[in-house]
Amino acid sequence: MSRAKTLQSLFKRYRRPGDLVFAWFILALSVFLLTQIFQQTDFKNSGKLVAQPRFWPAVSLIGMTGFAALHLFGSALSERIEGRWKEVLLWGSAFEYAGWFIAYAMSVPIIGYLPATLIVAVALTLRAGFRSRTAFISAASAALFIVLLFKTFLQVKLPSGQIYEALPDGLRQIMLNYF
Amino acid sequence: MENLIAGAVMLARWDVLVALLVGSIGGVIIGAIPGVGAAVAIAILLPATFSLDPIVGLTMLLGIYGSSMYGGAIPAVLINTPGTAVNALTSYDGYPMTQRGEATRAVSLAYSASFWGGIFGILCLILLSPVLALIAPMFGSREIFLAAVLGIILVILAHRGQIFAAGMLAMFGIFLQTVGLDPVTYTHRYTFGFSFLTSGIDLIVVVLGLFALSQSFFLLTAPNSSPDAKPVTGRLTAGFKEVFKHKRVATVASGLGVVLGMIPGTGEFTAQFMSYTYAQKTSKNPDDFGKGSPEGLIASEAANNAVPPAAMIPLLALGIPGEALTAMMLSVFYVHNVIPGPQLFQNNIDLVYGLYLALILLNIIVVAFLLVSTNLMTKVIRIPTRFLGVMILILALVGVYSLRNSLTDCMIASGFGVLGLVLKRLNLPIVPIILGMVLGGIMEVKLRSAMPRLKTPLDMIDRPISFIIFVMIVLVLTLHIRTLIKEYRAHQKDEDHDIHETQQG
Chain A
532 MSRAKTLQSL FKRYRRPGDL VFAWFILALS VFLLTQIFQQ TDFKNSGKLV
582 AQPRFWPAVS LIGMTGFAAL HLFGSALSER IEGRWKEVLL WGSAFEYAGW
632 FIAYAMSVPI IGYLPATLIV AVALTLRAGF RSRTAFISAA SAALFIVLLF
682 KTFLQVKLPS GQIYEALPDG LRQIMLNYF
Chain B
89 MENLIAGAVM LARWDVLVAL LVGSIGGVII GAIPGVGAAV AIAILLPATF
139 SLDPIVGLTM LLGIYGSSMY GGAIPAVLIN TPGTAVNALT SYDGYPMTQR
189 GEATRAVSLA YSASFWGGIF GILCLILLSP VLALIAPMFG SREIFLAAVL
239 GIILVILAHR GQIFAAGMLA MFGIFLQTVG LDPVTYTHRY TFGFSFLTSG
289 IDLIVVVLGL FALSQSFFLL TAPNSSPDAK PVTGRLTAGF KEVFKHKRVA
339 TVASGLGVVL GMIPGTGEFT AQFMSYTYAQ KTSKNPDDFG KGSPEGLIAS
389 EAANNAVPPA AMIPLLALGI PGEALTAMML SVFYVHNVIP GPQLFQNNID
439 LVYGLYLALI LLNIIVVAFL LVSTNLMTKV IRIPTRFLGV MILILALVGV
489 YSLRNSLTDC MIASGFGVLG LVLKRLNLPI VPIILGMVLG GIMEVKLRSA
539 MPRLKTPLDM IDRPISFIIF VMIVLVLTLH IRTLIKEYRA HQKDEDHDIH
589 ETQQG
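Going down the list, the sequences are from chains A and B.
Here the first sequence is numbered in this note's numbering, starting from 532 and rising by one per residue.
Here the second sequence is numbered in this note's numbering, starting from 89 and rising by one per residue.
Bound conformation, chain A alone (with noise of 0.2 Å):
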């Protein structure tokens, strides 16, 4: 076995579905993101070409558009896989979850880091498809060790939740601390 020839067979390009999508979107950016580069960034008249602030901008998004026209290139001339809009699809489907990331960081101000947490686990462990009561004890256990490992010891800085505000003093100053 010949070493290029090795090389060749470990490293082998290993394309999925959807490939040429992906491809003419980065192009797209990075085109889109070059033609912004006169309104986007300053040259001033004085100092070298490679101090400008406009410099590294100017050297990656040049860069990225080349590459990205060799990508899309080498994708539009490979053979076509099916399955091109399923998996697009699936990226698509990817925002739901996105979504539920951001509506638990904006409920943690509100509600409190324990209670948010123990709400999304449950919730997330049913919208994942469990139905099992050993999943959902398992998804609280596990919200409730995360608290208590990172807020209760570790201390990590995380908004307390408004709704501790109406409990009673003391548990109101321990919610208020831990978590």
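If you're looking for bench data, these hints aren't it; they were derived computationally from the structure.
Among the hints, a few may not be true.
Claimed, not checked - Below, in silico cross-link-like pairs of lysine to aspartate or glutamate (DMTMM-like), each with a Cα-Cα straight-line distance of 20 Å or less:
1) B:Lys512 with A:Glu618
2) A:Lys688 with B:Asp141
3) B:Lys512 with A:Glu696
4) A:Lys688 with B:Asp290
5) A:Lys579 with B:Asp547
Said to hold, decoys possible - Per the computed footprint, the stretches of chain B lying under chain A, defined by three or more beta-carbons under 8 Å from a beta-carbon of chain A, are:
6) 274-281
7) 485-498
8) 510-516
9) 526-536
Glycine included, every Cβ here is placed at the ideal spot set by N, Cα and C.
On the provided structure of chain A, position chain B as indicated by the hints.
Chain B alone, transformed into the frame defined by chain A:
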């Protein structure tokens, strides 16, 4: 010697030892779960370590980094699914051994070879330190700039078969770090009038999006699976004797791991591949490779475990990370105002030796832990993948939100999470974006600070080290073009296929 003692004193604290223990054992568990990996764990824990002492935070992250590959070998051997990407070649010979009823032998060999590689790597690092301390001060702005350029080129070229995509993503990373206020002229760059973009795009937010959130989205959008790993029975210490019988393969593989680990951008996979090829070519039974050869397993595991200590060399000596995990660690140094680079070897050599000793301890802890708890790990492997997705999403919030309690950061991280998912689905690399961001920042700062001393472009390479790096850049590019021509002449059809070769059958 006194530096080594100072390093040991630095480690002799209960909080450092707890961090090391948590990091090492946590790393093994995380490595053993297919679909999590050290990058996800380090990304999540990164902001949590900012409030700790530098040595505590770094030993914890180092623990995860160094031990995840030990854990990753378990599912690679038992269920043909590497726990971490770098254990891919381990499954090549490990799984056939499991199929013929030699699971215990395979797991034991993987641990022993990993230990050999890990310790070899650290010893090389300790022996090289005096040389590094001597050479590192010779690196000025232009040398570090050229080393960063070499790093970017190597990162792109290391992604063979995906060079255009890797180049495009590395350039995207360089672009991302330019967004915000220019640090010298205070002019806006690509802020589009949004005030939240003025302070730039935070590396940690991008890292969490690309590694943690994308993995969560990836698992949640894919069908659920719960791999069934059978428990192993018998003595797990037998592998040490067998590795000693193959000490030549183990040592050469570890050596290749050290050399390739030091070179930015090449990393574990290239080291594994080179060692595997070497082991096959020099073996008395080359036909057994891929069918359950102990030598193949040893070569693969020894090589990838020698990489983490070696990868610390460019990070500590020059402040240049070679891959995503060391790039993340760089941010811990920066947060604590410990700037890796030539100065670190002059002013904080005790920290450097402390980290070396932590690496030795970590290898001992991990092997001791695995010898008694491998069967517990086989249970961990069975956690359903979609449930893991839920947990990663919850953990990712700790990382992103605790950074500066910003909802905008969460939205940006979500955006990068979706991008990361697309890249993972397409089998395109994520690492070039992160290294582009880090090395791009280094290139911009170092080129600017080198400028006042340069009258002509040739002054850039008029010092010995800068000239050597320049020659290396030219050599790397020339060799790449030569390989391309060679491969074109030996043209093979059907290059594209859906699954990576190491994952087939």
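Honestly, which of those hints from before does the structure not fit?
3
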